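Novice: The lines below spell out each chain.
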Amino acid sequence: MSIWIEILVSVLLLIGGFFVLVGSIGLCRLPDIYTRLHAPTKATTVGMGAILIASMVMMSVEEGHLSVHELLITLFLLITAPITAHMLAKTALHHENRALKRTQSQQLMSNAREQLPPDANRSHE
Amino acid sequence: MLNTAIMIVSSVLCIALVLNLWRLLRGPDLSDRILALDTMYINSIALILLYGMHMGTNLYFEGALLIAMLGFVSTVALCKYLLRGDIIE
Amino acid sequence: MSLSKWLPMPLHSLLLFIVWLLLNNTVAPGHLVLGAFLALTIPLLCAPLKTRQPKVLRPLLALRYIFRVLGDIVVANVEVAILVLGPMRKLQPAFVAVPLDLSGDLPITLLASTVSLTPGTVSAEVSEDRKWLYIHALHMTDEQGLIATVKSRYEAPLKEIFGC
Numbered sequence: 001m002s003i004w005i006e007i008l009v010s011v012l013l014l015i016g017g018f019f020v021l022v023g024s025i026g027l028c029r030l031p032d033i034y035t036r037l038h039a040p041t042k043a044t045t046v047g048m049g050a051i052l053i054a055s056m057v058m059m060s061v062e063e064g065h066l067s068v069h070e071l072l073i074t075l076f077l078l079i080t081a082p083i084t085a086h087m088l089a090k091t092a093l094h095h096e097n098r099a100l101k102r103t104q105s106q107q108l109m110s111n112a113r114e115q116l117p118p119d120a121n122r123s124h125e
Numbered sequence: 001m002l003n004t005a006i007m008i009v010s011s012v013l014c015i016a017l018v019l020n021l022w023r024l025l026r027g028p029d030l031s032d033r034i035l036a037l038d039t040m041y042i043n044s045i046a047l048i049l050l051y052g053m054h055m056g057t058n059l060y061f062e063g064a065l066l067i068a069m070l071g072f073v074s075t076v077a078l079c080k081y082l083l084r085g086d087i088i089e
Numbered sequence: 001m002s003l004s005k006w007l008p009m010p011l012h013s014l015l016l017f018i019v020w021l022l023l024n025n026t027v028a029p030g031h032l033v034l035g036a037f038l039a040l041t042i043p044l045l046c047a048p049l050k051t052r053q054p055k056v057l058r059p060l061l062a063l064r065y066i067f068r069v070l071g072d073i074v075v076a077n078v079e080v081a082i083l084v085l086g087p088m089r090k091l092q093p094a095f096v097a098v099p100l101d102l103s104g105d106l107p108i109t110l111l112a113s114t115v116s117l118t119p120g121t122v123s124a125e126v127s128e129d130r131k132w133l134y135i136h137a138l139h140m141t142d143e144q145g146l147i148a149t150v151k152s153r154y155e156a157p158l159k160e161i162f163g164c
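First to last, the protein sequences are chains A, B and C.
full-length UniProt numbering puts the first residue of the first sequence at 1, with every later residue one more than the last.
full-length UniProt numbering puts the first residue of the second sequence at 1, with every later residue one more than the last.
full-length UniProt numbering puts the first residue of the third sequence at 1, with every later residue one more than the last.
It should be emphasised that the hints constitute simulated quantities derived from the structure, not laboratory data.
Heads up, a few of these hints could be off.
Within a straight-line C-alpha distance of at most 20 Å, the following computed SDA-like cross-link-like pairs (lysine to any residue) qualify [said to hold, decoys possible]: (1) C:K131 x A:H95; (2) A:K101 x C:K131; (3) A:K101 x B:K80; (4) B:K80 x A:Q107; (5) C:K131 x A:Q115; (6) C:K131 x A:L116; (7) A:K101 x C:G120; (8) A:K101 x B:G27; (9) A:K101 x C:W20; (10) B:K80 x A:I83; (11) A:K101 x C:Q92.
Here the structure is a predicted model, which is why all the values come from computation and not from measurement.
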């Protein structure tokens with residue numbers, strides 16, 4: 001393996017590791033569930049993408065022919081990450097998890113929970 | 001150099017997994033725990049791929065793909081259960 | 001026999017074929033034949049389950065949209081990384097309701113997914129009448145600006161792509 005490819009793979013791996021770590025730090029540091037959703041779902045898509053591309057490059061060079069099946073995992077994660085985030089946000093809203101006090105326009109949360117437009121008055125109140 | 005990079009990134013991923021585990025145990029709410037679990041399986045995919053790169057084989061790819069699929073389905077099933085009290089309506 | 005009877009979902013067939021080749025990581029003739037066989041028979045079995053979706057009218061624009069979103073994902077990650085590693089006291093999270101002009105489930109799903117993947121926003125809920133999208137933003141300083149960005153950068157191209 002030439003030195004340039006080794007450097008490329010190492011740099012991609014380090015970038016990936018950095019973003020994955022940032023995602024987990026965010027998961028620990030951020031103050032409430034709604035903000036916590038942002039860090040892992042976003043950071044892991046690029047982090048995993050970089051690691052998978054590094055694996056793709058390395059395997060292609062080692063085996064001597066193009067090896068692109070890691071793309072399958074990348075695509076799968078890219079498609080599923082927003083769905084997971086959306087489901088978790090729905091769950092958090094449904095469980096009436098409190099948002100951080102300084103969150104702006106918190107009055108929208110109750111309408112969002114009932115899937116009503118923001119200007120609708122809740123009928124049963 | 002490549003081996004050093006793989007070792008560094010593996011240890012970084014282990015730190016990330018421990019951080020996720022902390023959130024998983026601490027909670028405060030069920031959705032936090034699901035989110036931590038979801039992040040944990042994504043990080044473990046990365047760890048498995050790194051191990052495959054370290055050993056120089058392609059064998060671990062299927063395992064990583066299976067974890068990706070099962071992890072997604074289980075996260076959605078757990079969310080659905082918390083939302084509706086039922087998974088298949 | 002008409003073509004649409006034997007090939008009910010051409011895009012799905014193509015996708016199945018590509019996924020099969022990627023799974024086996026090969027272009028050997030045997031797998032080409034097996035992949036083609038699966039790509040033809042699985043859609044035939046699944047055709048009755050199909051729900052009608054709006055057609056992609058502008059494929060070139062769709063391709064450009066995909067690349068724009070991929071670029072935005074990278075930018076989003078750097079922004080979120082800076083926010084996460086920065087001081088927590090400065091964060092200004094917010095809920096925003098974005099009015100939707102799109103119609104149809106597929107375009108709205110695509111818009112919600114794009115919003116979740118791009119800078120500092122996660123889509124939380126869609127109103128039952130499909131007219132409002134609730135977004136949670138990690139750090140918002142300008143509400144109208146955020147709504148305008150979502151509408152012009154992501155919703156307008158989707159509207160053009162699906163023509164609805």
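Novice: Would you mind marking each hint as holding or not holding in the structure?
Specialist: Structure-based check of each hint:
1. C:K131 x A:H95: At roughly 24 Å apart (the allowed maximum being 20 Å), H95 (chain A) and K131 (chain C) break the hint.
2. A:K101 x C:K131: 28 Å, violated
3. A:K101 x B:K80: 27 Å, violated
4. B:K80 x A:Q107: 25 Å, violated
5. C:K131 x A:Q115: 10 Å, holds
6. C:K131 x A:L116: 9 Å, holds
7. A:K101 x C:G120: Distance ~19 Å between K101 (chain A) and G120 (chain C) Cα, so the pair holds.
8. A:K101 x B:G27: 19 Å, holds
9. A:K101 x C:W20: 49 Å, violated
10. B:K80 x A:I83: 12 Å, holds
11. A:K101 x C:Q92: 10 Å, holds
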